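Asks: What follows is the residue order along each chain.
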Amino acid sequence: MARMKFLCDADRCIDCNACVTACKNENEVPWGINRRRVVTIHDGEPGERSVSMACMHCTDAPCASVCPVSCIFPTDDGVVLHSKDLCIGCGYCFYACPFGAPQYPKVGNFGSRGKMDKCTFCAGGGGTEVSGSLEEYRKYGANRLAQGKLPLCAEMCSTKSLLAGDGEIIAEIYKERVLKRGYGSGAWGWMTAYHEGIAT
Amino acid sequence: MSGTSILARTGRALAVLAMLAALAVVPAAAQQRGPDGAPEPDASAVKEQALLQEAPRIEGRIDIPDTRASVLIQPAGRGWDHFHEVTLHRVGAVVILGMVVILALAYFVVGRIRISAGRSGKKIARFSSWERFAHWLTAASFVVLGLTGLNITFGKIVLLPMMGPDAFSRFAQAAKVVHNFVSFAFVLGLLLIVSLWIKDNVPRPVDIDWIKQGGGFVKAKHAPSGRFNAGEKAVFWLALLGGAAVIVSGFLLLFPFYGTGIAAMQTAQVVHALVAVLFVALILAHIYIGTLGMEGAFEAMGTGEVDLNWAEEHHDLWLAEKLKQERHGQPTA
Numbered sequence: 000m001a002r003m004k005f006l007c008d009a010d011r012c013i014d015c016n017a018c019v020t021a022c023k024n025e026n027e028v029p030w031g032i033n034r035r036r037v038v039t040i041h042d043g044e045p046g047e048r049s050v051s052m053a054c055m056h057c058t059d060a061p062c063a064s065v066c067p068v069s070c071i072f073p074t075d076d077g078v079v080l081h082s083k084d085l086c087i088g089c090g091y092c093f094y095a096c097p098f099g100a101p102q103y104p105k106v107g108n109f110g111s112r113g114k115m116d117k118c119t120f121c122a123g124g125g126g127t128e129v130s131g132s133l134e135e136y137r138k139y140g141a142n143r144l145a146q147g148k149l150p151l152c153a154e155m156c157s158t159k160s161l162l163a164g165d166g167e168i169i170a171e172i173y174k175e176r177v178l179k180r181g182y183g184s185g186a187w188g189w190m191t192a193y194h195e196g197i198a199t
Numbered sequence: 000m001s002g003t004s005i006l007a008r009t010g011r012a013l014a015v016l017a018m019l020a021a022l023a024v025v026p027a028a029a030q031q032r033g034p035d036g037a038p039e040p041d042a043s044a045v046k047e048q049a050l051l052q053e054a055p056r057i058e059g060r061i062d063i064p065d066t067r068a069s070v071l072i073q074p075a076g077r078g079w080d081h082f083h084e085v086t087l088h089r090v091g092a093v094v095i096l097g098m099v100v101i102l103a104l105a106y107f108v109v110g111r112i113r114i115s116a117g118r119s120g121k122k123i124a125r126f127s128s129w130e131r132f133a134h135w136l137t138a139a140s141f142v143v144l145g146l147t148g149l150n151i152t153f154g155k156i157v158l159l160p161m162m163g164p165d166a167f168s169r170f171a172q173a174a175k176v177v178h179n180f181v182s183f184a185f186v187l188g189l190l191l192i193v194s195l196w197i198k199d200n201v202p203r204p205v206d207i208d209w210i211k212q213g214g215g216f217v218k219a220k221h222a223p224s225g226r227f228n229a230g231e232k233a234v235f236w237l238a239l240l241g242g243a244a245v246i247v248s249g250f251l252l253l254f255p256f257y258g259t260g261i262a263a264m265q266t267a268q269v270v271h272a273l274v275a276v277l278f279v280a281l282i283l284a285h286i287y288i289g290t291l292g293m294e295g296a297f298e299a300m301g302t303g304e305v306d307l308n309w310a311e312e313h314h315d316l317w318l319a320e321k322l323k324q325e326r327h328g329q330p331t332a
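Listed in order, the protein sequences are those of chains A and B. Okay, so the first sequence: first residue is 0 according to numbering that gives the first Met the number 0, each after it adds one. Okay, so the second sequence: first residue is 0 according to numbering that gives the first Met the number 0, each after it adds one.
Treat the hints as calculated values from the structure; they're not laboratory data. Misleading hints may appear alongside valid ones.
Taking lysine-lysine pairs in the BS3-like style, the calculated list, with each CA pair at most 27 Å apart, reads [what the hints assert, rightly or not]: (1) K114(A) <-> K198(B); (2) K122(B) <-> K321(B); (3) K83(A) <-> K155(B); (4) K198(B) <-> K321(B); (5) K122(B) <-> K198(B); (6) K46(B) <-> K174(A); (7) K46(B) <-> K179(A); (8) K83(A) <-> K105(A); (9) K159(A) <-> K46(B); (10) K211(B) <-> K198(B); (11) K155(B) <-> K105(A); (12) K138(A) <-> K155(B); (13) K23(A) <-> K83(A).
Because the structure is a prediction, the values reported are computed rather than measured.
Only chain B is shown next, with the shape it has when bound in the complex (with noise of 0.2 Å):
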């Protein structure tokens, strides 16, 4: 099963429905006339083949409310199944492993980036008590719902054996309440995020020297920068691009059926499943360079203070912008 492609089997339904098409020359309602011309009563007038050829699903009319229950037979679920336990899994492991490969590589073979000057002793206010609280607002229910969601995918394979059903179940009964609901957590810290950082976030000449440079990484020294560098600028509308396409295909499955279709849940599934998988490892980045990846960085967001010498080497621009403001007596966040 998991050792065919779906390319291949894409492929073989192709040439299946090529010759099928080649067959059907002779039109189905020609069929369905007796030698009077009068509709044959008798002749199997609709073929569930030829139905599945001429769209994804068959629907009929049902006599009861529930419009759902119309749609007859539906194959894409099968397709689906296999996205959910093939495709997933695989792509949610390469990509979330890989990622933590990538960063355990970063940090044993480039190392945790120092401060060349060494400490200056003297801090300077980077991030207000707001800022803060706007980010880690974000950061716990995004980490709440990473691992809450990642449980409904692999749960089964790396918990259940050692939980057991019953404990199992009654863990990803909670978990589930808890991702339906801090969602909206989410969705509060990301709107927060955006209306503080949007105007800091755009994009600069200044970003291209940055990129050109390798943001301080491959050459070692320090690339110019404004209050954001060009890397937290690509977090910054990565998380936006990403959080809108999680939130918007949350919200339809956090409602189902209100204007959606099977084939319009299903597809809201897989958008949110593969986002959040590249999200995770975007963060799992993003969380790397902000703690062990850089010396100096995590008290921007832990107490809102960075060294002198700190903001000197990452954010030269901005550090030079606010010693002039403060310099004028004006107080900035």
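Looking at chain A on its own, in the form it has when it is part of the complex (with noise of 0.2 Å):
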């Protein structure tokens, strides 16, 4: 069973915010709400970088471990899905995210945020609905990995800078490239995500 992950290259990013995009229009994802954002640090100086950053899917994912009502589950492919049903928006799992993923449709005053919306690695839902179903996608987004299909952000990356699929793979693909090139940032977010980083 594939361990599914993302992977931004940092060196290769270059801000043009595609992956935003994508996420937005292939998801529906509500107004407000960004599934996936770049931030670029060291804005302006010599040697800048920008990551693309979503759901990293955790493994021990933090949100999941606060959740009050349990609705947020790790999947066999190790996706970290949610049940929007259950949550009662109260925003731990925005404290506890080390990557700022969830986030919900309303401003959150006396506790009014509505539902947690965050990036389902484009897998649909983690509710009672049908895989595949227009009820799933009207509620989380699209389920392309019941496709077969990888994350859109990833896959219309224009420089292949963002990369998603099987943990172990994608490993390999950053590995081979740091060695060819001869420097890398590092997979951001690695440790903090998964325990483990990508020695470059």
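With the hints as a guide, bring the two chains together.
Replies: In structure tokens:
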């Protein structure tokens, strides 16, 4: 069984935000929510790097652990999904998430955040909806994984900076790249998300 | 996971940091320059691990208005997860269950504190209806807030297996809304309590005698006291301090990210949870001594009147003052 992971090769990311746009369009993400975002570090300085970040689908996911109603869980593929039917909008997953992935449709005063929304690795939702159904699509977005496709953000990344897929395979691709070009700024977030980095 | 203590983790992290600091003698900027001194465009200038050693979280620039999204990585989220799921569970269980055990021991070993002289049959007014309203407003809202708050931390362990996910989720949703709005009743109640009773809770020399005599618990004789004894004063001031802490941290949580970042939100939750757990234990003791633990105590807050002998035994100075005032025909609270 594959262990699905994301890897952003920051030495290739050009901050074009195509992944953000692709995600919003493919999943009909609600207004105001960005499941994926690009953050630029040391903007305008020599050696600046941009990193595309969404839910990393962590090992021992802290969001799942803190959820007071236990509505977040990892699938067999290691994708972290949640049920919007059970979510109470308490906001704890956002405090626990190392990557700022969980988001809410409303501002949140008096606990009125609404149901949490986050990257699903284009694997549909964690609710009771039938996999690939219209109900699932409306609530959680696309279920490309069920169709044998990878997340669209990575699939249409123009520089192939963003990699999605089985952790071992994408780690191998990244290692080869670093070996060939002679440098790499590291697999951003891997140590925090998966308790292991990629030696470069 | 739970076996490793925070101390061991911190120790390991410090050791790693020290080693890395020793290695990083060559300034990072020097590595980014080519032979001609110009910035090297290919160099991997910004490394994740180096950034995380500089600051607890990596922040950058984003193209969207949501400023929270500019925090790229905050490993502290895992630390907060550990606090919420391991530390808080243990502290909460030990403090609250520990207090229940202590109170059970007090009841079965020390027993109920009786009115030594028996009831006189004569009553004297102790708390006005306004004071009782303030007390019960605070008390009722505290019980509701305590139970709905504990549900956020312990509900999934205690109630979820019994109720099932759907029913528990509906209950937790309602409990969250109740918790958020009943908070205002608690704030009002606490303000009333403080304004009504602060003058009678100022520490006085007689409190030292009361403490020296073990409050009458240890030697089973009655210690001198004014309107409130040193134990009651301690509850008052702890409730004031604890109440202020849960109110301030609670409002930060109620209005998330108004002038606070992710670190402040995590801190607010830690303070809120820890103070609340201690507060619940304190109030459990307060409830015990006001009901089961002492004969004649509950009616002070129930009907507002206490037995004359109870007042003589527990609040002698207050009773003397009150009787003196009554002789002079001055009605007092």
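Asks: If any of the earlier hints don't hold here, list their numbers in rising order.
Replies: 1
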